[in-house]
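The listed protein sequences correspond, in order, to chains Z and F. For the first sequence, the numbering used here gives the first residue as 579, with consecutive numbering after it. For the second sequence, the numbering used here gives the first residue as 579, with consecutive numbering after it.
There may be inaccurate statements among the hints.
One copy or two, either will do: identical chains are not told apart, so a pair holds if it fits within one copy or between any two.
[As the list claims (entries may be wrong)] Listed below are the simulated EDC-like cross-link pairs for lysine to aspartate or glutamate, each with C-alpha atoms no more than 16 angstroms apart in a straight line: (1) K699 with E669; (2) K710 with D722; (3) K618 with E681; (4) K671 with D586; (5) K609 with E599; (6) K621 with E681; (7) K666 with D702; (8) K591 with D619.
Simulated from the structure, these hints should not be mistaken for laboratory data. Since the model is a prediction, treat every value here as computed from it, not as a measurement.
So you can see what is in the structure, the chains are spelled out below.
Number of protein chains: 2
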Amino acid sequence: MKVKSLMDTKFLKIYPEYSIEYTAELMNKTKRFSTPVINKDEKLIGWINSIDIMVISDKSKPVSSIMSPVEDVILLNEEDPASDAVKKIVEYKVVSMPVLDSEKRIVGLVRNCDITKTLSKMYDIPVYNIFKSLMGELKGISWDELMESAAIVTKQTTGEEITGKEYEVRIKNSTFGQAIWSCGGLEKFFTGLIKIGEVAIARKVSCKNVIKK
Amino acid sequence: MKVKSLMDTKFLKIYPEYSIEYTAELMNKTKRFSTPVINKDEKLIGWINSIDIMVISDKSKPVSSIMSPVEDVILLNEEDPASDAVKKIVEYKVVSMPVLDSEKRIVGLVRNCDITKTLSKMYDIPVYNIFKSLMGELKGISWDELMESAAIVTKQTTGEEITGKEYEVRIKNSTFGQAIWSCGGLEKFFTGLIKIGEVAIARKVSCKNVIKK
Numbered sequence: 579m580k581v582k583s584l585m586d587t588k589f590l591k592i593y594p595e596y597s598i599e600y601t602a603e604l605m606n607k608t609k610r611f612s613t614p615v616i617n618k619d620e621k622l623i624g625w626i627n628s629i630d631i632m633v634i635s636d637k638s639k640p641v642s643s644i645m646s647p648v649e650d651v652i653l654l655n656e657e658d659p660a661s662d663a664v665k666k667i668v669e670y671k672v673v674s675m676p677v678l679d680s681e682k683r684i685v686g687l688v689r690n691c692d693i694t695k696t697l698s699k700m701y702d703i704p705v706y707n708i709f710k711s712l713m714g715e716l717k718g719i720s721w722d723e724l725m726e727s728a729a730i731v732t733k734q735t736t737g738e739e740i741t742g743k744e745y746e747v748r749i750k751n752s753t754f755g756q757a758i759w760s761c762g763g764l765e766k767f768f769t770g771l772i773k774i775g776e777v778a779i780a781r782k783v784s785c786k787n788v789i790k791k
Numbered sequence: 579m580k581v582k583s584l585m586d587t588k589f590l591k592i593y594p595e596y597s598i599e600y601t602a603e604l605m606n607k608t609k610r611f612s613t614p615v616i617n618k619d620e621k622l623i624g625w626i627n628s629i630d631i632m633v634i635s636d637k638s639k640p641v642s643s644i645m646s647p648v649e650d651v652i653l654l655n656e657e658d659p660a661s662d663a664v665k666k667i668v669e670y671k672v673v674s675m676p677v678l679d680s681e682k683r684i685v686g687l688v689r690n691c692d693i694t695k696t697l698s699k700m701y702d703i704p705v706y707n708i709f710k711s712l713m714g715e716l717k718g719i720s721w722d723e724l725m726e727s728a729a730i731v732t733k734q735t736t737g738e739e740i741t742g743k744e745y746e747v748r749i750k751n752s753t754f755g756q757a758i759w760s761c762g763g764l765e766k767f768f769t770g771l772i773k774i775g776e777v778a779i780a781r782k783v784s785c786k787n788v789i790k791k
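Using the sequences provided together with the hints, build the complete structure.
Printed below as a string of structure tokens:
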């Protein structure tokens, strides 16, 4: 995934000759905390922030007089990996970042709320789907057998008495995000799943052995 | 994980009788885009935003004249699950949210950048650790056997010729986040992991059979 698939290509364009007053009005109307200042060639020349505007008394001056220079702006390139956007948001605690193309033209903005949305979407995968994948891999194990194995592992790890059917109900409305938070971390969640797969295989093998005997 | 473990308990307190000018100065000094307005009992009575302040010309008025009323503020309770904070940030696209205790006093703020940090930290888990957990579960399988199985699965799925040692080098610097982005999703990553475990077990079993024979 690249930065360009995270960015918003619709953004407020402020030109350096705009007055601070007009810039403030535009930002207020579009609900922008900060926005890029660009020239006629769509090249980024600065950055303007509502925090800086709100303490200015003479708003008739051009916005260029109070913008942050381009050297101080946290930038992204459209071909950068999306994980770079996450790293920069976390490191610099910015609300949004401009994205440039190979010719240094601004082509979009990556906003913190869009990153949160993308990250949280990954956590929104139903646990149910992960179990379906697990079943697909464990060839010959039925859904009911998998749920029973999950109930056995739950009993072993938490002491809780639960049936396979009850386990199924529990995971039906649970997401990956909720599961890792309640397990106490990603590694524990994976370990639990692997254990379930292992128990399912072990039960299958022991059944076959019984039949063979 | 609860909201209270995500929140920042140090935040800027604005009282309703503060002038807009003084509020703007305090917010500028502490670099806050928005902040709570509270009364003497620490109860939340409104919310103030740099976007609203920057278009005000007469800043001598009290901040209460332009704050958003408490009914319009997106709130969290300290005992809410942390996932509620993520959901609200994504739904309402806010930069930060006040957190209340059971007596409706404000006890902290949850900021979007803190949520991004927490979410991204989960993605920063080294793939190496996940394989170590997998090995712990697959009793009797050595690290080298696991890496060889991973190389076999890689060959099966991508056609790429890779040795167990090369696979080990690859995962050494890779995080869970990078892995799921490069696999094309969590389910595919997980399916691959299960496949690797399965191949490792199958090879072990077939070796034992050979020895038995």
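Now for the hints, and whether the structure bears them out:
Taking identical chains as interchangeable, the C-alpha atoms of K699 and E669 lie at most 16 angstroms apart only when they sit on different chains, with a minimum of 12 angstroms there against 22 angstroms within one chain. Taking the shortest alpha-carbon separations for K710 and D722, only the intra-copy value of 11 angstroms comes in at or below 16 angstroms, while the best inter-copy value is 29 angstroms. Taking identical chains as interchangeable, the C-alpha atoms of K618 and E681 lie at most 16 angstroms apart only when both belong to the same chain, with a minimum of 14 angstroms there against 55 angstroms between chains. Taking the shortest alpha-carbon separations for K671 and D586, only the inter-copy value of 14 angstroms comes in at or below 16 angstroms, while the best intra-copy value is 19 angstroms.
For the identical chains of this complex, K609 and E599 are intra-copy neighbours only, at 15 angstroms inside a copy versus 21 angstroms across copies, given an alpha-carbon limit of 16 angstroms. When the C-alpha separation of K621 and E681 is checked against a cutoff of 16 angstroms, the pair qualifies only within one copy, where the shortest distance is 9 angstroms, while the shortest distance between copies is 51 angstroms. Proximity of K666 and D702 under a CA criterion of 16 angstroms is satisfied inter-copy only: 14 angstroms between copies versus 24 angstroms inside one chain copy. Taking the shortest alpha-carbon separations for K591 and D619, only the intra-copy value of 12 angstroms comes in at or below 16 angstroms, while the best inter-copy value is 43 angstroms.
Every hint from the earlier list agrees with this structure, and none is contradicted.
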